[in-house]
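Novice: Yeah, the sequence shown ends on 448 if you go by the working numbering, and it's all consecutive.
Derived by calculation from the structure, the hints in this document are not laboratory data. Take these hints with a grain of salt, some might be off.
Restricting the straight-line Cα-Cα distance to at most 20 Å, the calculated cross-link-like pairs of lysine-lysine (PhoX-like) are [as the list claims (entries may be wrong)]: (1) Lys424 - Lys237; (2) Lys215 - Lys250; (3) Lys237 - Lys250; (4) Lys307 - Lys217; (5) Lys307 - Lys430; (6) Lys250 - Lys275; (7) Lys237 - Lys430.
Restraint-style ranges between C-beta atoms, simulated for each label pair [claimed, not checked]: (8) Gly348 - Asp438: 21 to 31 Å; (9) Glu429 - Glu261: 39 to 49 Å; (10) Ser276 - Lys307: 38 to 48 Å; (11) Val421 - Asp242: 13 to 23 Å; (12) Pro228 - Asp257: 41 to 51 Å.
Where is the CB? At the ideal position from N, CA and C, for every residue including glycine.
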Amino acid sequence: MFARSTIRACNKATISRPVTRLIHSVPKLKNQNHYEQVGIPGLYSAEGFKTAWNDHQSHLLTKLNNLTVDTDNEARIPLHILLNTATKSDQAHIFNNASQAHNNHLFFQALTSPETNQTKPSALLQSRINKSFGSLEELREQFLLAADLLLGNGWVFLIEGPDKSLGIMSCYNAGTPYHIARAQLFDLNRIIDSEVHQSIEAISGAVRSKEKNFNIALLAANVWEHAYLTDYSVSGKTEYLEKWWASIDWDVVSSRLYSGN
Numbered sequence: 188m189f190a191r192s193t194i195r196a197c198n199k200a201t202i203s204r205p206v207t208r209l210i211h212s213v214p215k216l217k218n219q220n221h222y223e224q225v226g227i228p229g230l231y232s233a234e235g236f237k238t239a240w241n242d243h244q245s246h247l248l249t250k251l252n253n254l255t256v257d258t259d260n261e262a263r264i265p266l267h268i269l270l271n272t273a274t275k276s277d278q279a280h281i282f283n284n285a286s287q288a289h290n291n292h293l294f295f296q297a298l299t300s301p302e303t304n305q306t307k308p309s310a311l312l313q314s315r316i317n318k319s320f321g322s323l324e325e326l327r328e329q330f331l332l333a334a335d336l337l338l339g340n341g342w343v344f345l346i347e348g349p350d351k352s353l354g355i356m357s358c359y360n361a362g363t364p365y366h367i368a369r370a371q372l373f374d375l376n377r378i379i380d381s382e383v384h385q386s387i388e389a390i391s392g393a394v395r396s397k398e399k400n401f402n403i404a405l406l407a408a409n410v411w412e413h414a415y416l417t418d419y420s421v422s423g424k425t426e427y428l429e430k431w432w433a434s435i436d437w438d439v440v441s442s443r444l445y446s447g448n
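Make a model of the complete structure from these sequences and hints.
Specialist: Shown next, in the form of structure tokens:
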């Protein structure tokens, strides 16, 4: 009798063991069913798309679920989680996964097949581009150069600043353009020259004074190696970036621009 009671108790304990609630799940992209079958023609094969979106996003959100279960961040979207954890050093692992998930979604939302892409920047976005860069072609050259020169893994963003000017921001690893303390603008594994040191000091001062960014990310280029290795190999980063530029859905990018006064 004692043995049976023990078995029943063990079974009950096993059944009632807490499990992770999958509150954060991979968002459904426009045309995702088509992309899963054939990829994004002209940019990704089906396997390349699966690796960079389905597999990687699922991996990030599974980790985020595990890290935030039964916490205040559990019900927050990745953007709000990264903003909430950006200045908390003990939650860096949560920030990294939330920031990566948000950046990757931002990247894929603005993609379309370059073979059929006919989108253009809106009149408002085009005027902002002309004012900040001179022309769309000049923006393209500067943006692709910044992405190509980013050594290692990271992101390059087209951002709209609080004064409505546009700029290019390169962030290493899981950096974000929304919070200067976690922008990760420099590769600290390399030699830090005087110019970089001065920039770091300026950023530190801004963080100490609690200066806010108020940047809006309009466009993101994924320069993590997993984003292009499947289809372009180790030496194909430049080709990948050029095809990515041709794949930008400018309707999506234009919709992210703040149009208020």
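Novice: Which hint numbers does the structure go against, in order from smallest to largest?
Specialist: Violated hints: none at all, because every hint is consistent with the structure.
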